[in-house]
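Protein chains: 2
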Amino acid sequence: MNINNIVVVSPMYQEIQTLMEKREITKNFRFLPEERVTSADLAWADAFVAFNTKKDYDYCQVQWVHSLGAGVDRFLFKKQWPEGVLLTRTICSFGQRIAEYCLSYILKDIQFHNEFNELQAKKTWKPLTPKLLNEQKVMIFGTGEIGQKTAEILSSLGVDVFGVSLSGKDKEHFKEVITIGAHEERLNEVNYVINTLPLTEKTEALFDEKVFNHLSNVGFINVGRGATIDEKALLQALENKHIKFAVLDVFTVEPLPKDSSLWEHPSVIITPHISAVTTPDEGVDCFVDTLMNIEAKKPLRNKVEISKGF
Amino acid sequence: MNINNIVVVSPMYQEIQTLMEKREITKNFRFLPEERVTSADLAWADAFVAFNTKKDYDYCQVQWVHSLGAGVDRFLFKKQWPEGVLLTRTICSFGQRIAEYCLSYILKDIQFHNEFNELQAKKTWKPLTPKLLNEQKVMIFGTGEIGQKTAEILSSLGVDVFGVSLSGKDKEHFKEVITIGAHEERLNEVNYVINTLPLTEKTEALFDEKVFNHLSNVGFINVGRGATIDEKALLQALENKHIKFAVLDVFTVEPLPKDSSLWEHPSVIITPHISAVTTPDEGVDCFVDTLMNIEAKKPLRNKVEISKGF
Chain A
1 MNINNIVVVS PMYQEIQTLM EKREITKNFR FLPEERVTSA DLAWADAFVA
51 FNTKKDYDYC QVQWVHSLGA GVDRFLFKKQ WPEGVLLTRT ICSFGQRIAE
101 YCLSYILKDI QFHNEFNELQ AKKTWKPLTP KLLNEQKVMI FGTGEIGQKT
151 AEILSSLGVD VFGVSLSGKD KEHFKEVITI GAHEERLNEV NYVINTLPLT
201 EKTEALFDEK VFNHLSNVGF INVGRGATID EKALLQALEN KHIKFAVLDV
251 FTVEPLPKDS SLWEHPSVII TPHISAVTTP DEGVDCFVDT LMNIEAKKPL
301 RNKVEISKGF
Chain S
1 MNINNIVVVS PMYQEIQTLM EKREITKNFR FLPEERVTSA DLAWADAFVA
51 FNTKKDYDYC QVQWVHSLGA GVDRFLFKKQ WPEGVLLTRT ICSFGQRIAE
101 YCLSYILKDI QFHNEFNELQ AKKTWKPLTP KLLNEQKVMI FGTGEIGQKT
151 AEILSSLGVD VFGVSLSGKD KEHFKEVITI GAHEERLNEV NYVINTLPLT
201 EKTEALFDEK VFNHLSNVGF INVGRGATID EKALLQALEN KHIKFAVLDV
251 FTVEPLPKDS SLWEHPSVII TPHISAVTTP DEGVDCFVDT LMNIEAKKPL
301 RNKVEISKGF
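Those protein sequence lines, which keep their order, are chains A and S. Residues in the first sequence are numbered from 1 upward in steps of one, following our numbering. Residues in the second sequence are numbered from 1 upward in steps of one, following our numbering.
It should be emphasised that the hints constitute simulated quantities derived from the structure, not laboratory data. Do not rely on the hints blindly, as some may be mistaken.
No copy labels: a pair is met if it fits in one copy or bridges any two.
Derived DSSO-like pairs (lysine-lysine); straight-line CA-CA distance at most 30 Å [said to hold, decoys possible]:
| no. | residue 1 | residue 2 |
| --- | --- | --- |
| 1 | Lys126 | Lys27 |
| 2 | Lys210 | Lys55 |
| 3 | Lys244 | Lys131 |
| 4 | Lys55 | Lys123 |
| 5 | Lys175 | Lys149 |
| 6 | Lys137 | Lys27 |
| 7 | Lys169 | Lys55 |
| 8 | Lys78 | Lys27 |
| 9 | Lys258 | Lys202 |
| 10 | Lys171 | Lys54 |
| 11 | Lys137 | Lys149 |
| 12 | Lys298 | Lys171 |
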């Protein structure tokens with residue numbers, strides 16, 4: 001592969017340009033906001049670097065597409081990917097970020113933040129004993145980079161962490177990895193479910209009524225993709241106490257529409273897709289590393305397997 | 001020391017009795033609520049095991065007093081301790097408990113729980129990038145069992161942890177331990193201050209206007225003792241933004257009186273002395289261990305140094 005001309009498309013294109021120029025990479029760059037990308041840019045480019053584009057481009061013309069995000073459903077889900085075009089994705093501090101996000105909401109729950117807040121409002125002194133992390137069981141869907149880092153951090157704090165994956169292959173930091181399908185009868189054992197799954201044809205609406213019915217009063221955290229969840233079934237599961245509370249960072253439609261009933265649900269916490277942010281710094285780091293590895297013909301650990309969709 | 005007759009005084013005396021009887025210890029026990037303790041009980045006892053008594057007893061008559069809590073200011077602060085009477089205290093999962101308590105409030109802050117809660121109430125999708133633990137600096141006052149366990153857990157998550165102690169002696173898990181007195185000029189470096197100090201003549205009102213004036217927009221967490229803080233100075237420091245928010249689990253007077261202005265302060269979180277709870281199970285475990293160690297003439301790591309007050 002011979003990469004000379006690179007188009008970078010992002011709302012943060014100026015910041016990325018500044019950071020990239022400091023690296024003194026001897027390639028030709030065009031840094032653009034999405035609305036200014038033309039077909040001439042694509043014809044010129046060997047590589048296309050993009051964050052969250054709204055349009056689909058004709059990637060046949062380039063050799064390599066690099067996603068500035070971790071998820072690549074934007075490029076692959078229900079789409080045809082041109083054969084022979086390399087697709088890579090950003091892997092950086094996502095695992096650490098998502099682990100801390102999840103941990104913060106688990107601790108909020110077991111340390112009774114809500115309960116003490118309500119008691120304080122009533123000036124009521126009523127001791128409740130917080131639960132400990134080492135008394136908690138968590139099931140993480142997805143045992144890739146993000147799921148694994150989350151498992152590492154939670155298990156280091158004494159949490160029993162179970163994983164669910166397509167293969168069921170053992171991974172470090174998980175007490176046990178369960179093959180998807182075999183996981184349903186294990187769902188009633190856990191206190192928290194964390195979804196880190198990408199959106200693919202196999203994961204779309206994976207969390208449906210049937211899955212939720214196996215849960216009993218759990219905290220459900222979605223940091224994967226919104227469309228992996230059947231939203232109606234989620235609301236029903238909250239109603240039936242299969243789910244005690246849901247922390248949702250991702251949604252089928254983002255920004256979450258104003259008329260969504262999730263906004264006002266007392267047991268739903270909404271955050272605006274911030275659990276795994278790519279900072280411009282990290283995005284540039286990961287892109288440059290990938291470029292170096294491509295040129296050195298080294299293996300790429302962030303190469304997307306098109307058939308799997310992640 | 002010859003321990004045969006043991007008086008156990010606690011609001012949870014019945015639970016403790018049930019647990020103790022399972023241990024089949026061949027000693028004579030009297031399990032009592034405080035209001036039923038008589039001078040005859042004290043005259044009979046070799047050992048006095050107590051949790052949070054309101055009255056002072058004449059401990060001259062016993063050989064050993066064991067506190068079912070970690071703090072022993074109840075027995076020592078501004079009091080005369082009878083020479084030759086052994087005082088021990090409970091050490092159990094306090095460190096883990098307090099570490100998780102503190103971590104929950106640090107994560108609440110850097111993950112913007114309040115901000116996202118307010119945005120959700122307005123149905124507003126506005127991304128904010130959470131801060132990471134490895135960008136935070138914490139200063140822990142007290143480098144004993146509790147401070148050290150808190151340092152261990154926070155530093156394992158990437159936090160820079162500084163300690164403050166009387167001796168300034170290096171301790172594992174702290175990046176640096178600073179001698180009290182020399183710490184003031186370092187206070188402006190940190191994002192969070194955690195107080196785990198016991199109440200002694202040296203720590204009473206240690207956190208005063210002068211100390212608070214060195215802080216800049218920090219989160220202040222008190223899990224030590226309420227009287228180590230000058231409460232008026234704390235309110236002033238919240239006013240002047242030296243302190244961004246305070247999480248208080250301990251107070252000079254507990255339960256916190258209804259007329260305290262802390263209850264309604266928007267930047268104060270009040271919890272009812274629950275960050276380090278002794279469960280009956282753990283209390284009995286620690287007592288039995290201590291008894292065994294005394295009888296085997298082994299060193300006691302939970303022996304209180306009367307002159308130090310902890």
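For each hint, the structure was consulted:
no.: 1; hint: Lys126 to Lys27; verdict: neither (65 Å within a copy, 35 Å between copies)
no.: 2; hint: Lys210 to Lys55; verdict: neither (35 Å within a copy, 58 Å between copies)
no.: 3; hint: Lys244 to Lys131; verdict: both (16 Å within a copy, 27 Å between copies)
no.: 4; hint: Lys55 to Lys123; verdict: between (54 Å within a copy, 26 Å between copies)
no.: 5; hint: Lys175 to Lys149; verdict: both (14 Å within a copy, 24 Å between copies)
no.: 6; hint: Lys137 to Lys27; verdict: neither (49 Å within a copy, 40 Å between copies)
no.: 7; hint: Lys169 to Lys55; verdict: neither (36 Å within a copy, 61 Å between copies)
no.: 8; hint: Lys78 to Lys27; verdict: neither (33 Å within a copy, 74 Å between copies)
no.: 9; hint: Lys258 to Lys202; verdict: within (29 Å within a copy, 56 Å between copies)
no.: 10; hint: Lys171 to Lys54; verdict: neither (35 Å within a copy, 53 Å between copies)
no.: 11; hint: Lys137 to Lys149; verdict: both (16 Å within a copy, 22 Å between copies)
no.: 12; hint: Lys298 to Lys171; verdict: within (24 Å within a copy, 43 Å between copies)
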